[in-house]
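> Letter by letter, the chains look like this.
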Amino acid sequence: MTDVCVVGAGPAGALVADRLAAAGRDVTILEAGPRFDETPDTERMERSIRPGHAPTEVWEMGGPRDAYSASGPDFYPLNVARVKGVGGTTNHWQGMVYRLHEADLSGENNPPSWPLSYDDLRPYYLEAERAFGVAGASDDPYAPPREEPHPLPAFPPSYSDSLFAEACESVGVTTHAAPNARNSEPYDDRAACVGYGTCKPVCASGAKYSADHTVRQAEAKGVDLVTQAPVQRLETDAAGERVTRAVYVRDGAQRTIEAEQFVLAAGGVEIPRLLLLSASDAHPDGLANSSGLVGRYFHDHLFAGMGGTLDEPTRQNHVGFITTESHQFYDDPGAGTGEIPARDGDLAPFKLEFLNYAGPSPVAMALREDAWGDELRDRLADAYGTHVAMGGLVGQPPLARNRITLDESRTDDHGNPVPDVVWEIDEKTRRTIERANEIQRAILEALGVDIEWTAGPEDTGPAYHHMGTTRMSRAPEAGVVRPDCRTHDVGNLWVASSSVFPNGGALNPTLTIGALALLCADSVDASL
Amino acid sequence: MRLTRRDALAALSGAGITLGGGVAALSRESVDASEAGPSLDDTLATLTAAAEVVYPSDVEGIEAFVEAYSLGRIEGRDEYLAGVHDATVALDETALSWEDARFAALAADRRDTVLRQLGVPTADEDPDGTRAERVRYYVVNELLYALYASPTGGELVGIENPQGHPGGVASYQRGPR
Chain A
1 MTDVCVVGAG PAGALVADRL AAAGRDVTIL EAGPRFDETP DTERMERSIR
51 PGHAPTEVWE MGGPRDAYSA SGPDFYPLNV ARVKGVGGTT NHWQGMVYRL
101 HEADLSGENN PPSWPLSYDD LRPYYLEAER AFGVAGASDD PYAPPREEPH
151 PLPAFPPSYS DSLFAEACES VGVTTHAAPN ARNSEPYDDR AACVGYGTCK
201 PVCASGAKYS ADHTVRQAEA KGVDLVTQAP VQRLETDAAG ERVTRAVYVR
251 DGAQRTIEAE QFVLAAGGVE IPRLLLLSAS DAHPDGLANS SGLVGRYFHD
301 HLFAGMGGTL DEPTRQNHVG FITTESHQFY DDPGAGTGEI PARDGDLAPF
351 KLEFLNYAGP SPVAMALRED AWGDELRDRL ADAYGTHVAM GGLVGQPPLA
401 RNRITLDESR TDDHGNPVPD VVWEIDEKTR RTIERANEIQ RAILEALGVD
451 IEWTAGPEDT GPAYHHMGTT RMSRAPEAGV VRPDCRTHDV GNLWVASSSV
501 FPNGGALNPT LTIGALALLC ADSVDASL
Chain B
1 MRLTRRDALA ALSGAGITLG GGVAALSRES VDASEAGPSL DDTLATLTAA
51 AEVVYPSDVE GIEAFVEAYS LGRIEGRDEY LAGVHDATVA LDETALSWED
101 ARFAALAADR RDTVLRQLGV PTADEDPDGT RAERVRYYVV NELLYALYAS
151 PTGGELVGIE NPQGHPGGVA SYQRGPR
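Residue numbers (the numbering used here), protein chains in the order written: chain A, 1 to 528; chain B, 1 to 177.
Since the hints were derived computationally from the structure, they do not count as laboratory data. The beta-carbon is built from N, C-alpha and C at its ideal position, and this holds for glycine as well. Mixed in with the good hints there might be a few duds.
[Said to hold, decoys possible] Part of the chain B face toward chain A, derived, beta carbon under 8 Å: (1) V53; (2) Y55; (3) Y137; (4) A149; (5) G158; (6) I159; (7) P162; (8) Q163.
In isolation and in its complexed conformation, chain A is listed as follows (with noise of 0.2 Å):
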């Protein structure tokens, strides 16, 4: 019998699996998906530039597997939104790290509250930037407040930032460096980022974290990492107190593995599926689902954007992330300045980005042109050079009828009922990416831009976190895990994911999954 039994190898997982093995416990990680070095990143990173390579070739999803259903009221691309294997979707992440702020954990941003301070996440949000790599200048006034700077130095604004400041300045909007899980410099035995510009959803360098690389540093520690090793379902003694074992498939047969303590760590969407597919005589709605939650609130951030052209040129597409944003509106998202007009009304927290990459890439152009020689070159040059763009994250309130359920209707490839993603964007996250749209529309305008498009209300879209479908709480009837990350009904099984989030804030939520996964660890190391 093993000490730890981790499902998942994402960052939630891997961060777990390395602090327990690092605390002397013994660990197996069981994770569905590949080790994905058999090809190199550089051949992932030409699939992503292609068009013969569908967006979900990169990282091998889709199939039977990967089987989903979305009944909507809205469609959830679910197998662009996530990557099954070592490293998780940390693979194809844009590396975007933020702390959430005060107002989110106190739910004055969104409800309801966490029963988690900033000053419990505090230390471990530092941990994560740490095994991160984050990259940062530590200088958004509106974030909450830091013990010190960020592990590497920001890197430096884009040309187009420069142009953005001057019109930000113009309407009263501050900018400030954005934090990136990408090395600006060599850290932590990886490589400085050299600007191969396809960063999400590959980077061919190494330098955007992943968290394969901390599965390695888990694995040098000891850890026993089983790959292609779906779990199937949990199995509890007789009471239902505790997890007796995991039951999985292997290279075509049935297997198990017991532990003392059983971590999820599979993504907001496969964990509340396992647990629904772990039903028994003593936990007949699912394990550890005594309160009907398991599966609810799922919610997600979405995208509102604005560009176009300039007369002038902007210099996109040299580098895929993003390094200036704006944080000014996030906890007061009604809130006017001198030349941006206030608005009354129930909003939810946003964040406004400024893009590198608006516009054609010419490289993607060539390849789907219609055309060649002279005539594709002066496409090519016609199309690239004057675009500019922003987006934006809202926070989307946690619903308890968007859910994660079972569709009985549809097997995967073992014959297990497929998740299905019941969401349905409602009207005050529409409302604020109205809010987030005047906002873009007032920067652009006052930076003389033709703006071209817009990403608003109606046309929307998810930005793949999948969050809250085992939120916690501090009541057994309100949540599913307690603060410690532990279910409120079965003694030895916790849960390392954005699943647990209250609500998640309007900022991309890795960091602080990370954060909660080195929480987690130090609860399960108390345990044992």
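Once you have looked at the hints, place chain B on chain A.
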């Protein structure tokens, strides 16, 4: 603008291929071409002939660039080489059938016509698709990727550090020159 073997190496490095011996290591002899397939000379000649059509007219040094790039791409990648062989043979067979000469032996305007009549301009690249889709994947888009993911090709259209090229983190900060 003149392409060189050095540009080919830059393009190859973006494709994750580095050659220990640098430029000097690239030669036809260094590539272990399949004995069963068409000759490497024929394949390279077809690729070069296609590049002369799909590259802009102000690009020089195409033959050396294509040869160095293609040899680097082929080395140690049997499946890729098989795909390139298949597509170049298909192109040659089409040219022989329609124009009574191999693709590389045709005048440039006839090569352009063959590619267009084959439907390559509107074909979606697909390594396992129709003849036009395979030619688009292994010939036309392969050559366009080599050019426009390289700094020299990027500069033709205004970007010296295009996607796919590890051109560092200084260029994004610089204003227009």
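> Each hint: holds or not?
To see whether the hints hold, each was checked on the structure:
1. V53: holds, 6 Å
2. Y55: holds, 7 Å
3. Y137: holds, 5 Å
4. A149: holds, 5 Å
5. G158: holds, 5 Å
6. I159: holds, 6 Å
7. P162: Holds - the Cβ of P162/B comes within 8 Å of chain A, reaching about 5 Å at its closest.
8. Q163: holds, 4 Å
Violated hints are absent here; each numbered hint is respected by the structure.
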